[in-house]
Amino acid sequence: MEKKLMLPVQNNESLEEFVIGQRILINGKMYIARDQAHKRIVNMLKNKEKIPFSLSGNMIYYCGPTPPRKDGTFGSAGPTTSARMDAYTIPLMKEGLKGFIGKGDRSGEIRLACKKYKSLYLITFGGAGAYLAKRIASQKLIAFPELGPEAIYEIEVIDFPAIVAFDTRGKSIFSTSAGFSNSPFLIELQ
1 MEKKLMLPVQ NNESLEEFVI GQRILINGKM YIARDQAHKR IVNMLKNKEK IPFSLSGNMI
61 YYCGPTPPRK DGTFGSAGPT TSARMDAYTI PLMKEGLKGF IGKGDRSGEI RLACKKYKSL
121 YLITFGGAGA YLAKRIASQK LIAFPELGPE AIYEIEVIDF PAIVAFDTRG KSIFSTSAGF
181 SNSPFLIELQ
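Just so you know, my numbering puts 147 at position 147 of the sequence shown, and the rest follows in order with no gaps.
Hints in this document: simulated from the structure, not taken from any laboratory.
By construction, the Cβ of each residue, glycine as well, lies at the ideal position given by its N, Cα and C atoms.
Heads up, some of the hints might be wrong.
[To be verified] When the alpha-carbon atoms are kept at most 25 Å apart in a straight line, the in silico DSS-like pairs for lysine-lysine are as follows:
1) Lys118 to Lys3
2) Lys103 to Lys3
3) Lys134 to Lys39
4) Lys48 to Lys118
5) Lys3 to Lys29
6) Lys103 to Lys115
7) Lys39 to Lys118
8) Lys103 to Lys48
9) Lys94 to Lys115
10) Lys94 to Lys171
11) Lys116 to Lys39
12) Lys116 to Lys70
13) Lys134 to Lys70
14) Lys116 to Lys48
15) Lys29 to Lys39
[Stated by the list, open to error] The calculated label-pair distances, taken between Cβ atoms and stated as ranges, are:
16) Ser56 to Lys140: 13 to 21 Å
17) Ala87 to Gly170: 13 to 21 Å
18) Lys29 to Lys50: 28 to 36 Å
19) Phe125 to Lys48: 35 to 43 Å
20) Ala87 to Glu49: 28 to 36 Å
21) Gly104 to Gly148: 28 to 36 Å
22) Lys50 to Glu156: 18 to 26 Å
23) Gly148 to Lys4: 29 to 37 Å
24) Gly75 to Asp159: 18 to 26 Å
Whole structure, please, built from the sequences with the hints as guidance.
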């Protein structure tokens with residue numbers, strides 16, 4: 001059974017109820033950004049410049065959506081590999097970012113940072129970009145349009161599906177001690 005997660009996150013305690021393998025349906029506003037946008041944001045933070053959106057309590061979805069259609073919706077919005085953002089993740093967590101959504105494992109440093117900063121790393125379904133795009137109710141380009149699909153978008157999501165990969169306790173669904181075999185998601189499928 002899925003648990004709901006409302007964005008933006010109001011307090012750390014609300015994230016502590018989620019454990020690795022837990023299925024989540026996300027509702028609210030979050031942001032789309034990839035490595036080039038992350039690099040720019042981190043540089044802006046270093047230079048004490050105003051960044052394009054508040055990090056506090058928010059989440060970033062690692063995604064390179066297709067260009068918006070005439071009706072303003074994305075045709076596809078699937079996840080991209082999260083490890084590419086590892087070099088930029090911790091500075092954003094220090095500023096209050098509460099989670100990231102992508103695909104694949106990440107470094108042990110990011111796992112430990114999730115524990116330290118009470119943040120989540122969530123994974124969603126690769127190869128399901130058209131389905132995931134339907135969970136996006138609205139989108140707005142907010143920064144770096146010159147980056148094309150790597151620009152930053154603010155999106156409103158309704159029941160956007162994800163699975164907890166790293167929880168606020170520093171546990172990982174990818175570790176051999178936890179493993180996917182213990183995931184409630186996979187147990188239900190068996």
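Hint check results:
Under the criterion of a C-alpha separation no larger than 25 Å, the hint pairing lysine 118 with lysine 3 is consistent with the structure, at around 18 Å. Straight-line distance between C-alpha atoms of lysine 103 and lysine 3 comes to about 20 Å, which keeps the hinted pair within the 25 Å bound. Between lysine 134 and lysine 39, the direct Cα distance comes to roughly 28 Å. Violation of the 25 Å bound is thereby established for this hinted pair. Note on lysine 48 and lysine 118: the hinted pairing holds, with a Cα-Cα distance of about 24 Å set against a maximum of 25 Å.
A distance of roughly 17 Å separates the Cα atoms of lysine 3 and lysine 29; the hinted pair therefore holds under the 25 Å criterion. This hinted pair checks out: lysine 103 and lysine 115 have alpha carbons roughly 19 Å apart, not beyond 25 Å. Distance restraint check for lysine 39 and lysine 118: the Cα-Cα separation of roughly 22 Å lies within the 25 Å cut-off, and the hinted pair is therefore satisfied. Under the criterion of a C-alpha separation no larger than 25 Å, the hint pairing lysine 103 with lysine 48 is inconsistent with the structure, at around 31 Å.
As the CA atoms of lysine 94 and lysine 115 are separated by approximately 12 Å, the hinted pair is consistent with the 25 Å bound. For the hint linking lysine 94 to lysine 171, the alpha-carbon distance of about 19 Å falls within 25 Å, and the restraint holds. About 22 Å separates the Cα atoms of lysine 116 and lysine 39, which keeps this hinted pair within 25 Å; it holds. For the given pair, lysine 116 sits about 43 Å from lysine 70 by alpha-carbon distance, which is inconsistent with the 25 Å threshold.
Between lysine 134 and lysine 70, the direct Cα distance comes to roughly 15 Å. Compliance with the 25 Å bound is thereby established for this hinted pair. For a cut-off of 25 Å, the pair hint linking lysine 116 to lysine 48 stands: about 23 Å separates their Cα positions. The straight-line distance between the Cα atoms of lysine 29 and lysine 39 is roughly 22 Å, inside the 25 Å bound, and the hint therefore holds. In this structure, serine 56 and lysine 140 meet the distance hint of 13 to 21 Å, their C-beta atoms being roughly 19 Å apart.
Hint check: alanine 87 to glycine 170, Cβ distance near 20 Å, so the stated range 13 to 21 Å holds. The hint said 28 to 36 Å for the Cβ distance between lysine 29 and lysine 50, and at roughly 19 Å that hint is violated. At about 38 Å, the beta-carbon gap between phenylalanine 125 and lysine 48 stays in the expected band of 35 to 43 Å. The supplied range of 28 to 36 Å is broken by alanine 87 and glutamate 49, whose beta-carbon atoms lie about 19 Å from each other.
Taking 28 to 36 Å as the suggested C-beta distance range, the pair glycine 104 and glycine 148 does not conform, at roughly 23 Å. Checked against the hint of 18 to 26 Å, the pair lysine 50 and glutamate 156 passes, with Cβ atoms roughly 23 Å apart. A C-beta distance of roughly 33 Å is found between glycine 148 and lysine 4, which places it inside the suggested range of 29 to 37 Å. Checking the proposed 18 to 26 Å range against glycine 75 and aspartate 159 shows it holds: the Cβ atoms sit about 19 Å from each other.
Checked against the numbered hints given earlier, the structure breaks hints 3, 8, 12, 18, 20 and 21 and satisfies all the rest.
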